[in-house]
Amino acid sequence: MSEAKKYPAPVTNPETAAFWEAAKQGKFMIKRCTACGEAHYFPRAICPFCYSDKTVWEESSGEGTIYTYSLMRKSPTGPYAIGYVTLKEGPSLQTNFVDCDLTTLKIGQKVKVVFKPTDGAPLPFFTPA
Amino acid sequence: MTIKGKAYIAGIFEHPTRHAPDKSTAQLHAEVAKGAIEDAGLSKDDVDGYFCAGDAPGGAWPMVDYLGLNTKKLRHVDSTETGGCSYIIHLGHAAEAIAAGKCSIALITLAGKPRTGAMPPRAAGAEADFETAYGATTHNAYGMCAMRHMHDYGTTSEQLAWIKVAASHHAQYNPHAMLKDVVTVEDVLNSPMISDPLHRMDCCVVSDGGGALIVTTPEIAKSLKKPLVKLIGHGEAMKGPRGGKDLDLTYSAGIWSGPRAFEEAGITPKDIKYASIYDSFTITVLMQLEDLGFCKKGEGGKFVADGNLISGVGKLPFNTDGGGLCSNHPVNRGGMTKILEAVRQLRGEAHPKVQVKNCDLAIAHGTGGLLGVRHAASTAILERV
Numbered sequence: 001m002s003e004a005k006k007y008p009a010p011v012t013n014p015e016t017a018a019f020w021e022a023a024k025q026g027k028f029m030i031k032r033c034t035a036c037g038e039a040h041y042f043p044r045a046i047c048p049f050c051y052s053d054k055t056v057w058e059e060s061s062g063e064g065t066i067y068t069y070s071l072m073r074k075s076p077t078g079p080y081a082i083g084y085v086t087l088k089e090g091p092s093l094q095t096n097f098v099d100c101d102l103t104t105l106k107i108g109q110k111v112k113v114v115f116k117p118t119d120g121a122p123l124p125f126f127t128p129a
Numbered sequence: 001m002t003i004k005g006k007a008y009i010a011g012i013f014e015h016p017t018r019h020a021p022d023k024s025t026a027q028l029h030a031e032v033a034k035g036a037i038e039d040a041g042l043s044k045d046d047v048d049g050y051f052c053a054g055d056a057p058g059g060a061w062p063m064v065d066y067l068g069l070n071t072k073k074l075r076h077v078d079s080t081e082t083g084g085c086s087y088i089i090h091l092g093h094a095a096e097a098i099a100a101g102k103c104s105i106a107l108i109t110l111a112g113k114p115r116t117g118a119m120p121p122r123a124a125g126a127e128a129d130f131e132t133a134y135g136a137t138t139h140n141a142y143g144m145c146a147m148r149h150m151h152d153y154g155t156t157s158e159q160l161a162w163i164k165v166a167a168s169h170h171a172q173y174n175p176h177a178m179l180k181d182v183v184t185v186e187d188v189l190n191s192p193m194i195s196d197p198l199h200r201m202d203c204c205v206v207s208d209g210g211g212a213l214i215v216t217t218p219e220i221a222k223s224l225k226k227p228l229v230k231l232i233g234h235g236e237a238m239k240g241p242r243g244g245k246d247l248d249l250t251y252s253a254g255i256w257s258g259p260r261a262f263e264e265a266g267i268t269p270k271d272i273k274y275a276s277i278y279d280s281f282t283i284t285v286l287m288q289l290e291d292l293g294f295c296k297k298g299e300g301g302k303f304v305a306d307g308n309l310i311s312g313v314g315k316l317p318f319n320t321d322g323g324g325l326c327s328n329h330p331v332n333r334g335g336m337t338k339i340l341e342a343v344r345q346l347r348g349e350a351h352p353k354v355q356v357k358n359c360d361l362a363i364a365h366g367t368g369g370l371l372g373v374r375h376a377a378s379t380a381i382l383e384r385v
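Residue numbers (our numbering), protein chains in the order written: chain D, 1 to 129; chain L, 1 to 385.
Since the hints were made in silico from the structure, they are not lab data.
Worth double-checking, as some hints may not be accurate.
27 angstroms max Cα-Cα, derived BS3-like pairs, lysine-lysine [stated by the list, open to error]:
#: 1; chain 1: D; residue 1: K112; chain 2: L; residue 2: K245
#: 2; chain 1: L; residue 1: K297; chain 2: D; residue 2: K106
#: 3; chain 1: L; residue 1: K302; chain 2: L; residue 2: K315
#: 4; chain 1: L; residue 1: K245; chain 2: D; residue 2: K88
#: 5; chain 1: D; residue 1: K106; chain 2: L; residue 2: K245
#: 6; chain 1: L; residue 1: K222; chain 2: L; residue 2: K73
#: 7; chain 1: D; residue 1: K116; chain 2: L; residue 2: K245
#: 8; chain 1: D; residue 1: K27; chain 2: L; residue 2: K34
#: 9; chain 1: L; residue 1: K34; chain 2: L; residue 2: K225
#: 10; chain 1: L; residue 1: K245; chain 2: D; residue 2: K110
#: 11; chain 1: D; residue 1: K106; chain 2: L; residue 2: K302
Computed, partial: chain L to chain D, Cβ under 7 angstroms [to be verified]:
#: 12; residue: E127
#: 13; residue: D129
#: 14; residue: Y134
#: 15; residue: G143
#: 16; residue: M144
#: 17; residue: R148
#: 18; residue: L189
#: 19; residue: N190
#: 20; residue: M193
#: 21; residue: G243
#: 22; residue: L247
#: 23; residue: L249
Every beta carbon over 10 angstroms from chain L, so not counted as near; a handful from chain D, in silico [unchecked claim]:
#: 24; residue: P8
#: 25; residue: P10
#: 26; residue: P14
#: 27; residue: E21
#: 28; residue: A22
#: 29; residue: K24
#: 30; residue: Q25
#: 31; residue: T34
#: 32; residue: E38
#: 33; residue: R44
#: 34; residue: S52
#: 35; residue: V56
#: 36; residue: W57
#: 37; residue: E58
#: 38; residue: K110
#: 39; residue: K112
Glycine included, each C-beta is placed from N, C-alpha and C at the ideal position.
Excised from the complex, chain D in its bound form (with noise of 0.2 angstroms):
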């Protein structure tokens, strides 16, 4: 299933090349606005929320709850589950359910983050915490 998937390497961009640094080392990185204190996903230099550029980067604690998920029964990769997981931080973020019974998920349940390789930097995933 998931763990013979192949998925693709982040193409990465001097926007977010710091983000993609931090997940080879196994961080998992947000962005936090040092203006109006909000932080957000996924990482921008200008915040979303007030325009300023003041933005710097947070290593999350990597977990939250999931906030919606739904689990696609075939493709030609296998069955996947893909979601919404709102980081203890505060942002909601797209991520795929790995390395657990996929018919068990819950709308609330807790997870983590774990890294899987590409051929470039590693990618985020969540996992029962």
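On the provided structure of chain D, position chain L as indicated by the hints.
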């Protein structure tokens, strides 16, 4: 400033094909253009505005050339691309251009071959590295909305199934519909699970085909022979996860496009006699009905149940051509066909078994992109004169 009453839909055409291995995509555009121009009683050389979206091969200038439009006369183009609702947005933009005197006879085309050809590629957004790998498709993106809607409001699969049941009741009378069999709630629930909680019968069809519109001035429309249908309200909006703050997948951008259109039209959802609602999935319809104000948020399940969307049975007849769930979904884009059936209803040209009596006010509403990720919505309110 308003576009209320400043533009009329004078020509419509829906391609009868659902499977076109022997035609090119550009050819389908030309066939629907010809159909709509002839329906209006005009000639291609009269067209002075052209509107197309991402399904038009090469975009506006190759299409204007291929279609042989009169370039000495053509003075307004718009290739706004907002997925399936592009054509509802085009309708509003055509009305704006007509009201501003920038064109007087606008042609809008949609066509493509998802069953028998390649789909046009979509350019990557800024989110690509952070989302593409997770495999969002239409099925699971709308599945995520349905899952959360059920969690927050207690919506059930049985309630969603009623939307397909209603569409199938209408499709039985459409000779061109891909799926003409009337189905039951049980049929929907017993169809295979595709992406939880959506079953196969919660999903629309995939079809080749297309459609086109002619939008014109009140004066020109009145000089032609077709029943008069005018645009009286229009709205458009977009929504996305916006940095992940306060994520709520239980509502769509229709919550903004709808009120904008109703305000411009000066009417309320209660006045609507017929509703064309984009039905990429059953959950799409349920969320849109709530967002447009046909019922309160969270009460869509109750609203659609027990045949309330079936023409002649329920309070709000919807998608009387069978919609995307049963009839067609050309290029995986449902906006155009929503306008076409609304115009048929207002003209009194719908199938007699599904024609709404005294149909004088109709809504055509669509979304584009993925409701569970980022999307656009557009609402048009049409009146029979």
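* Asked: What are the numbers of the hints the structure violates, in ascending order?
  -> 8, 18, 19, 24, 25, 32 and 33
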